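Same order as they appear, the protein sequences are chains P and A. Heads up: the first sequence begins at 1 in my numbering, then just goes up one per residue. Heads up: the second sequence begins at 1001 in my numbering, then just goes up one per residue.
Just so you know, these hints were derived from the structure itself, not from any lab. Quantities reported herein were computed from a predicted structural model and do not represent experimental measurements. Just so you know, not all the hints are guaranteed correct.
Stated by the list, open to error - Below, in silico cross-link-like pairs of lysine-lysine (DSSO-like), each with a Cα-Cα straight-line distance of 27 Å or less:
no.	chain 1	residue 1	chain 2	residue 2
1	A	K1162	A	K1101
2	P	K129	P	K227
3	A	K1108	A	K1162
4	A	K1101	P	K22
5	A	K1289	A	K1101
6	A	K1289	P	K129
7	A	K1108	P	K22
8	A	K1289	A	K1162
9	A	K1162	A	K1285
10	A	K1285	P	K129
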Amino acid sequence: MSQTTAEKAHTSLPEHRVPRKKSFLSRLARQWDIQLMVWPGILLIFVFAYLPMYGVLIGFMDYSIFTGARIWENPWVGFKHFQDFFNAPEFLTIMRNTLAISLLKFIIGFPAPIFLAIMLNEVRHMMFKRVVQTITYLPYFISWVIVAGFATSLLSTDNGSINILLEKLGAIDEPINFLSRPEYFWSILVTSNVWKDIGFNSIIFLAAIAGIDQHMYEAADIDGASKFRQVFSITIPTIMPVIIIFMILAIGSLLSAGFEDILLLAVNPLLRDVSDVIDTYVYRIGLANFRYSYAAAIGLFRSVVGVILLVFANYLARRTGNSLW
Amino acid sequence: MIRLSFNDRLMMYFIYAFLILLSVTSFYPFWNAAVISFNMGSDTAMGGITFWPRAFTLENYQLILKDSRLFNGFFISITRTIVGTISAVFMTSLLAYGMSKSHLIGRKYYTIYFIITMYFGGGLIPVYLLVRSLGLMNSFLVYIIPGLISVWNMIVFRTFFKSLPVGLEESAQIDGSSNWGIYFRIVLPLSGPVIATLGLFTAISHWNDWFIPTIYINNDNLLPIQTMLRQALNSNIIQESSGALDSASLAYLQKTRSITSKSLQMAMMMVVTLPIMLVYPFVQKYFVKGVMIGSLKE
Chain P
1 MSQTTAEKAH
11 TSLPEHRVPR
21 KKSFLSRLAR
31 QWDIQLMVWP
41 GILLIFVFAY
51 LPMYGVLIGF
61 MDYSIFTGAR
71 IWENPWVGFK
81 HFQDFFNAPE
91 FLTIMRNTLA
101 ISLLKFIIGF
111 PAPIFLAIML
121 NEVRHMMFKR
131 VVQTITYLPY
141 FISWVIVAGF
151 ATSLLSTDNG
161 SINILLEKLG
171 AIDEPINFLS
181 RPEYFWSILV
191 TSNVWKDIGF
201 NSIIFLAAIA
211 GIDQHMYEAA
221 DIDGASKFRQ
231 VFSITIPTIM
241 PVIIIFMILA
251 IGSLLSAGFE
261 DILLLAVNPL
271 LRDVSDVIDT
281 YVYRIGLANF
291 RYSYAAAIGL
301 FRSVVGVILL
311 VFANYLARRT
321 GNSLW
Chain A
1001 MIRLSFNDRL
1011 MMYFIYAFLI
1021 LLSVTSFYPF
1031 WNAAVISFNM
1041 GSDTAMGGIT
1051 FWPRAFTLEN
1061 YQLILKDSRL
1071 FNGFFISITR
1081 TIVGTISAVF
1091 MTSLLAYGMS
1101 KSHLIGRKYY
1111 TIYFIITMYF
1121 GGGLIPVYLL
1131 VRSLGLMNSF
1141 LVYIIPGLIS
1151 VWNMIVFRTF
1161 FKSLPVGLEE
1171 SAQIDGSSNW
1181 GIYFRIVLPL
1191 SGPVIATLGL
1201 FTAISHWNDW
1211 FIPTIYINND
1221 NLLPIQTMLR
1231 QALNSNIIQE
1241 SSGALDSASL
1251 AYLQKTRSIT
1261 SKSLQMAMMM
1271 VVTLPIMLVY
1281 PFVQKYFVKG
1291 VMIGSLKE
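Work out the full structure: start from the sequences and follow the hints.
Here it is, written out as structure tokens:
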């Protein structure tokens, strides 16, 4: 739309007639070429990000895809779908799973790469260090389909390595079909996530450690501090600001317990009681059961809480002297 | 070097042992899957295959490579990755170049307009309904168009463009180059490392995506390899956990009967992962660089 405004402006005002104080349109006309660079992007974002924000209104309607009605022609129902969700029998289970899974991922998945970075930093054989880094970064780049395939294969009763190992150790007598047992699901999920991300997520902390002033370690050596002591008295305190920022940011994603990983690992319906989180519930209810309005309402609830958490996280971050925006 | 104390040596042993264990854990799933894929299916069913194949065979791969649907899936994945990456990097960097101009009218508003979408979105269902109404269902374009602009990558590009020396552009301007000419002839050629880094991340996400086709594509001829692999893996699990079968998965099961055995699945997984494993060692440094530029706030 404004592209045409820009073009019109360009043709209507030849340069020699531009008055001393240039008008808005003439300034726009003079830079039509760079405006033309940004407008395709603006339009694409309008369609694929802003139109769905408008589409979320169906959460307050009884939308039906079969009547062929335009969005605004559907009957308004206010907060009915939100109430339905809060009163649904599965509501508590879903909230429990969402919070529990994201907390578990945070408690275990967050410190793991920090420890890895600290350990990698102590390694003096550069070749060894590089090999470890290359191998541990690799899982980050493969798809969740493959990760889930690995997990399914290793945990299955059909030549699954975990079962073979546990049987050899005498821990179990019979192979266990781990991925059909609800009590193991959270551990499997968190382990797969740590396995996939630990190496790559350590990069940022390794960089933070690399920025530490080496003189501090030299001084500590002279004072006779052990390596072990140096880790706790120099390395960790120095990278603490980075750690705190990432911790605070994690608050913002408290409701994103995961999506791809859960969809792919919890194929067995027996796991639903422990695997259903908000995002997977929206997917199942909306796209498999066609309850678009209800699912859109839940999705909106999730984004609104997400934004509130993010603003809160940013408030905390700002108080520590950092900010997202 | 100062001699390490007993405790420090203990710590170093622990660190080395831990890192070796972690590396083995990171690599074992790949290795085990490869071993199973090279083992005869009937033999694998007897169990006990871990570090080395017992009955070596290539027949799993022969069977898989005979499957023309898989070839089609590969073709779709490769096309999508190439077209999707090039077009997204071009559109996003072009936008970023425009946005890097401090005299761009409306720049402040545009920035806010873009940033908002990083924190708030309509969610899965409205996007799905939108894509439907745009007629992108069952179209190859659904792989390309919605992903053309990444706001995050735009910010990274813009930060980089702003760091380029101003003099270069000024001298080009004096020589009569237009802004588009400067973008193509000066800015893009100078942006090699950033383009490589962001392009690789974009390519990886295209290659690894299985979800977009799952919800938007019903036409088997348009399915990429990841989605096919997912269906093949699931058909096995569905088989094991009977009772939860709907008509779609039953029909699906019929079609994929030929690739349900574990050996064939592992062979398929190897084939899908191989491109990444082959490219990865050469481009690792760009990924690492990507983390660094990503963490630099504007």
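Tell me, in ascending order, the numbers of any earlier hints that this structure violates. Those not satisfied: there are none.
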